[in-house]
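With the hints as a guide, bring the two chains together.
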Amino acid sequence: MMEEKKSPARSALAHVVLIILTFFCLFFFYLLVVNATRSHVDLQKGFSILPGDAFVKNLNSVLSDGTLPVVNGIINSLVVSSLCAAICTYFSALTAYGLYAYDFKLKKVAFTFIMAILVMPTQVTAMGFLRLITGMGMYDTLLPLIIPSMASPAVFYFMHSYLRSSLPMSLVEAARIDGSGEFRTFNHIVLPIMKPAIAVQAIFTFVGSWNNYFVPALVLQTKSKMTLPILIATLRGSDYMNFDMGKVYMLIAIAIVPIIIVYLILSRFIIEGVTLGGVKE
Amino acid sequence: MNTKKKRIDYSKWGYFFIAPFFICFFIFSLIPLVDTIRYSFFEYYATGLKEIGPNFVGLANYRELLESDLGKYSWNTFVMWIIGFIPQIVIALILASWFTDHRLKIHAQGFFKVVIYLPNLIMASAFAMLFFTLFSEVGPINSMLMQFGIIHEPIKFLASVAGSRLLVAAMNFLMWFGNTTIMLMAAIMGISPDIFEAAELDGCTHRQRFFYITLPLIRPILAYSLITSLIGGLQMFDVPQILTGGKGIPDRTTMTLIMFLNQHLKAKNYGMAGALSVYLFIVSAILCAIVYKMMSDEDGNKKKKTGGK
Chain A
1 MMEEKKSPAR
11 SALAHVVLII
21 LTFFCLFFFY
31 LLVVNATRSH
41 VDLQKGFSIL
51 PGDAFVKNLN
61 SVLSDGTLPV
71 VNGIINSLVV
81 SSLCAAICTY
91 FSALTAYGLY
101 AYDFKLKKVA
111 FTFIMAILVM
121 PTQVTAMGFL
131 RLITGMGMYD
141 TLLPLIIPSM
151 ASPAVFYFMH
161 SYLRSSLPMS
171 LVEAARIDGS
181 GEFRTFNHIV
191 LPIMKPAIAV
201 QAIFTFVGSW
211 NNYFVPALVL
221 QTKSKMTLPI
231 LIATLRGSDY
241 MNFDMGKVYM
251 LIAIAIVPII
261 IVYLILSRFI
271 IEGVTLGGVK
281 E
Chain B
1 MNTKKKRIDY
11 SKWGYFFIAP
21 FFICFFIFSL
31 IPLVDTIRYS
41 FFEYYATGLK
51 EIGPNFVGLA
61 NYRELLESDL
71 GKYSWNTFVM
81 WIIGFIPQIV
91 IALILASWFT
101 DHRLKIHAQG
111 FFKVVIYLPN
121 LIMASAFAML
131 FFTLFSEVGP
141 INSMLMQFGI
151 IHEPIKFLAS
161 VAGSRLLVAA
171 MNFLMWFGNT
181 TIMLMAAIMG
191 ISPDIFEAAE
201 LDGCTHRQRF
211 FYITLPLIRP
221 ILAYSLITSL
231 IGGLQMFDVP
241 QILTGGKGIP
251 DRTTMTLIMF
261 LNQHLKAKNY
271 GMAGALSVYL
281 FIVSAILCAI
291 VYKMMSDEDG
301 NKKKKTGGK
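Here the protein sequences come in this chain order: A and B. The first sequence begins at 1 in this note's numbering and counts up by one. The second sequence begins at 1 in this note's numbering and counts up by one.
So that you can see chain B by itself, here it is in the shape it has in the complex (with noise of 0.2 Å):
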C-alpha cells in the first residue's frame, strides 16, 4: 500500500540506536555513584566478619578524612604529577616545533614518532614492576653504575622520598610525552602555513615563530592537555601502588589518593571509601565542566567557520 506520504518519520529510531550506551550508563555508572553519595553520609564498615552500620552520621566521615591525612595524599599526588607533567609539556612543546619545521629537515620522523609513543601503550603496572626490579638494590641499574664506576655503593632509589617520587614522576614522563608531542603537532600543522610563510619572507627567526605564531595558536589545545593531564593525575594509581607494594613508601610519600581509596575498599569501608568519593567526583566534576566548555567552544567556532552553508 502504497501512501502519498512523502515523509516518514524516522525520529524514534534515534532512541532505539542510544538506548544502549544509556541503559548501561545508567545502571554501571549512575547507580552506583547514588549509591557511592548515599552511603559517604553512613558509618558503614566490616571488622572481620562483622558488619557495623549503616548508622546515619551526616557529615562524621568528611570530617575524619579531612583531619586524617587526606591532605599529604592530596600533596602527594600532586607533587609526583607536577614534576612529571613540567618536563612531559616542556619536551613536548619543543619536539612538536621541531617536527614541525621543515628548514630542520629532521630525519627518520617516522621512527622516533613510533619510538616516543610506544611507552604510552606499556601495561602501567607491568611497567612499575619493571622499574621496581631494574632500579631494586640489587638490581642491574645498580651494578651497571658500579660497573661503571659512576657510584660505589649502591643507591637505595625506594628508601628516599625524592628517590620515589622521581621514579613515579620518571615513569609518568615517560609513558605521556609522546602522546602529547603527537597531539600538539597535529595542533601546529592545524596552522595556516600561509602564516608561518608570511612570517618567513618578514625574516622572522626560529624563535620569534615559536612565541609569537605557534604558541598563541595552540593555546587552547596547550589548555586541553593541562586539564585532560590533571585529571590523569588525580587518577594516578598503578605505578605507585606496583612500584612501591601499596604502602605508598617511604613513610606513605607516594600515597596517591586512589591508592587511599584503594584501601579503603579492601578494607570494607563503605562510609570513608563513600565520602573519599564524593571529594574526588566534585574536583573532577569542576575539571570535567572545563573540558567541556573548551569542547563546545571548539564546536561553536567551527559551526561559525563552515556556517551559511
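If we strip away everything but chain A, and leave its shape as in the complex, we get (with noise of 0.2 Å):
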C-alpha cells in the first residue's frame, strides 16, 4: 500500500504525454506566428524556427489591400461581436429571472420549452431564416446576425442556474418592501449579483460570434459589410497560389491572436465557466 502513496513512473509518463499534448496545441499557433513576420520570399524557400522581419510590412500590406477590407472585416467584427455579447447576456438574464422569480401559469409549460431547444441546431431553420429576413429587408445587413442572439437557450440554461444557486428571494421580497419597481430590482440589485455569470457568458458569446462563419456566410454580400471569418475564406479561392502568404498569415493571425491574448488574460476565470456552463457540479 505504501508504493502506491507515490507512483513515479506513472507521474513521469503522465508528464510526458502533457508536454507532447501542450506542443501538439502551441506548435501550429507558434508556426502562425513566426510566419506572420516572414516575407513572401523567405516563406518560399522553406520552414523556419525563428521570425523574420517582415511583421510590419506584412500587416501594411494586409491593412492596405483594396481587394480585402480588412479594416472593415475587425470593426464589422467588433460590432457584431460585442452587441451579440450585450443582448445574449441581457436578455438571458432577463428571461432566467422571470422563470425564477415568478410563479406564473405557463412556467412550467415555458421552461420546458427552453430546455427541449436547448442544443438544437441553428442550421436546420437557416432556408427559412434567409427567407424571412429578405422579406424583412435585413439581407446583407449585420442585424440578423446580432438581433437573434436575445433568444440563446443555453446561455439562458447558465443564468437559471446561476440564479438558483446565488439569488434568494427574500432580496427581492426586501426590495419590494422598500418600493422598488420589478424592473429596477432587475437592473438594480439582481444584475449586479449575476455579474460573474454575466462577465463569463459575455466572454463565450462574443467569442462565438467573432468565429460563426455559416450564418454570415449566407447573410453578407457586400465586402465591406462582410465579418472577418467571411474575408479569411475568401483567401481560399482559386487564385490562392498568387497570393503574397506573408499577408495571408498576418491575416489569419489578426483573426486568432487577439482571442488567445484575451484568453492568457483570462484564462483562470474562463476555465472555470466551462464548468459552470457545462454539466454542473
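To be clear, the hints were calculated from the coordinates, so they are not data collected in a lab. There may be inaccurate statements among the hints.
As the list claims (entries may be wrong) - Partial selection, computed: residues in chain A whose CB lies under 10 Å from chain B:
no., residue
1, 35
2, 47
3, 124
4, 131
5, 133
6, 150
7, 152
8, 153
9, 157
10, 183
11, 218
12, 229
13, 245
14, 251
15, 255
16, 260
We put the CB at the ideal spot given by N, CA and C, even for glycine.
Following this line, the structure appears as C-alpha cells:
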C-alpha cells in the first residue's frame, strides 16, 4: 500500500504525455506567428523556427489591400460580437430571472420548452431564416447576426442555474418592501449579483460570434460588410497560389491572436466558466 | 392608500420578463422552421434570374435526396466525427483522471489546463485556413519533414481520402479534447472524496480506482458528452468547408451534411434545402430529446437530494 502512495513512473508518463499534447496545441499557432513575420520570398525558401523581419510590411499590406477590406472586417466583427454579447447576456438574464422569481401559469411550459430546444442546431432553420430576413429587408446587413442572439437557450440555462444557487428570494422581497419596482429590482439588485455569470457568458458569446462563419457567409454579400471569417474564406479562392503568403498568415493571425491574448489574460476565469456552463456538479 | 392586502400578485411580471426571448425565438426560429418545412414539399428553385415554382410536389424532394449522395455525405460526416471523437474522449478521460489523482502530483496543472483548452476558442475557419497553408504541398510542414530528412517527396495531404479526413478529424480533436477534459474533471471532482479514501484504505490500485469507481460514477456525463458531441458533429461545417474550398476534396469524400445544405442554399434551391433541413431536424430532435431527458433526470435527482426542506 505504501508503494501505491507514490508512483514516479506513472507521474513521469503523465508529464510526458502532457508535454506532447502541449506541443501540438501550441506548435501550429507558433508557426502562424513566426510565418506572419516573414516575407513572401522568405516563406518560399521553406520552414523556419525563427521569426523574420517583415512583420510591419505584412501588416501594412494586409491593412491596405483594396480588394480585401480587412479594417472594415475587424470593425464589423467587433461591432457584431460586442452587441451579441451585450444583448444575449442581458436578455438571457432577464428571461432566467422571469422564470426563477415569478410563479405564473405558463412557467413550467416555458421552461420545458427552452430545455427542449437547448441544443437544437440553428442550421436546420437556415433556409427559412434567409427567406425571412430577405423579406424583412435585412439581407446583406449586420442585423440578422445580432438580433437573434436575444434568444439563446444555453445562455439562459446557465443564468438560471446561477440564479438558483445565488439569489435568495428574500432579497427580492426586501426590495419590494422598500418600494422598488420590478424592473428596477432586476436592473439594480439582480443584475449586479449576476455579474460573474454575465461576464463569463459575455466572453463565450463574444468569442462564438467572432468565430461564426455559417450564417454570416449566407447573409453578407457586400465586401465592406463582411466579418473576418468570411474574409478569411475568400483567401481560399482558386487564385490562392498567387497570394502573398506573408499576407495570408498575417490575416489569419489577426483573426486568431487577439482571442488568444484575451484568453491568456482571463484564462483562469474562463476555465472555471467552462465547468459551470456544462453539466454542473 | 394602504390596503390591508398582505400579498400583491406579482406573477404577471413573469410574462414581461420572458416575452423578449419568446418573441425573438418565435420570429427568428419558429417562423423559419415552419417555412423550411413548408417549402420542402415544393419544387422551388432559381436558375439564373428565373424562379421556378413554387409547385407542390409532395415528397418528391425527399425521395430525390435519398437517391442522391445523401448517404455518402452522412457517412463522411460520421467518419470524420468518430475518428476525432474516439481519441478525444479517451485522452480526455485519461487526462481528467490524472489531473484529479493527488497521488500523481502533476506539476503546472494550471498551465496545462490553459493550454489544452486554448484551441477551443480559435476561429474554426481561420484554423482550417491555417492548416490548409501549413499542410499544402509547398507548406512548412512538408518542408520541415523534408529538411529533417523524414520524407523525400512532399506529401499531398489533401489529395488522398485518408489525408484530408484525418486532417479534419485531427483539427476537431485538437479543438475539443481540452473542453471535454475540463468537463470530465469537474464530474470526477464532484464524486465524494470519502469514496476514494475508503477505496484507498482497502488498497485499491489506480486501475481499479479508475474502472470500478470513477468510470461508473461519471457515466451520465460521458453519455452527455457523447450526445452533445454527436450534435456538434452533425453541424460540422467550417473546418471541412474552408480546408477543401467547399468542394469536399478529394471526390466529395469530405463533404459533410451542412456543406451539402450550404450548396443548396447558395444555389437558391429552396425545395431541396428544405427537405434536407427536415431530415437534419428530425435527427437533431431525437438527439435533443435525449439531452432533455438527461438534464431533467439530473434535475430530478438534485431535487430528491435536497428534498424535505
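Quick rundown of the hints versus the structure:
Taking 10 Å as the C-beta cut-off, the interface hint given for residue 35/A holds, the closest approach to chain B being about 7 Å. A least Cβ separation of about 4 Å between residue 47/A and chain B falls short of the 10 Å threshold, and the interface hint therefore holds. Annotation: residue 124/A was flagged as interfacial toward chain B, and the flag holds, the nearest CB pair being 4 Å apart, inside 10 Å. Residue-level restraint check for residue 131/A holds (minimum Cβ-Cβ distance to chain B is 6 Å; threshold 10 Å).
With a cut of 10 Å, the hint placing residue 133/A at the interface with chain B holds, because the nearest CB-to-CB distance is about 8 Å. Hint on residue 150/A holds. Least Cβ distance to chain B is approximately 4 Å, under the 10 Å limit. Hint on residue 152/A holds. Least Cβ distance to chain B is approximately 9 Å, under the 10 Å limit. Interface restraint check for residue 153/A: the shortest CB-CB distance to chain B comes to about 8 Å, inside 10 Å, so the restraint holds.
A cut of 10 Å between beta carbons decides the hint on residue 157/A: the least distance to chain B is about 8 Å, and the hint holds. Taking 10 Å as the C-beta cut-off, the interface hint given for residue 183/A holds, the closest approach to chain B being about 8 Å. The restraint placing residue 218/A at the interface with chain B holds, with a minimum CB-CB distance near 6 Å, inside the 10 Å limit. With its C-beta approaching chain B no nearer than about 4 Å, residue 229/A sits inside the 10 Å limit, and its interface hint holds.
Interface restraint check for residue 245/A: the shortest CB-CB distance to chain B comes to about 7 Å, inside 10 Å, so the restraint holds. The beta carbon of residue 251/A comes within 8 Å of a beta carbon in chain B, closer than 10 Å, and the hint placing it at the interface holds. Of the supplied interface hints, the one on residue 255/A holds, with its beta-carbon coming within about 4 Å of a beta-carbon of chain B, less than 10 Å. Of the supplied interface hints, the one on residue 260/A holds, with its beta-carbon coming within about 7 Å of a beta-carbon of chain B, less than 10 Å.
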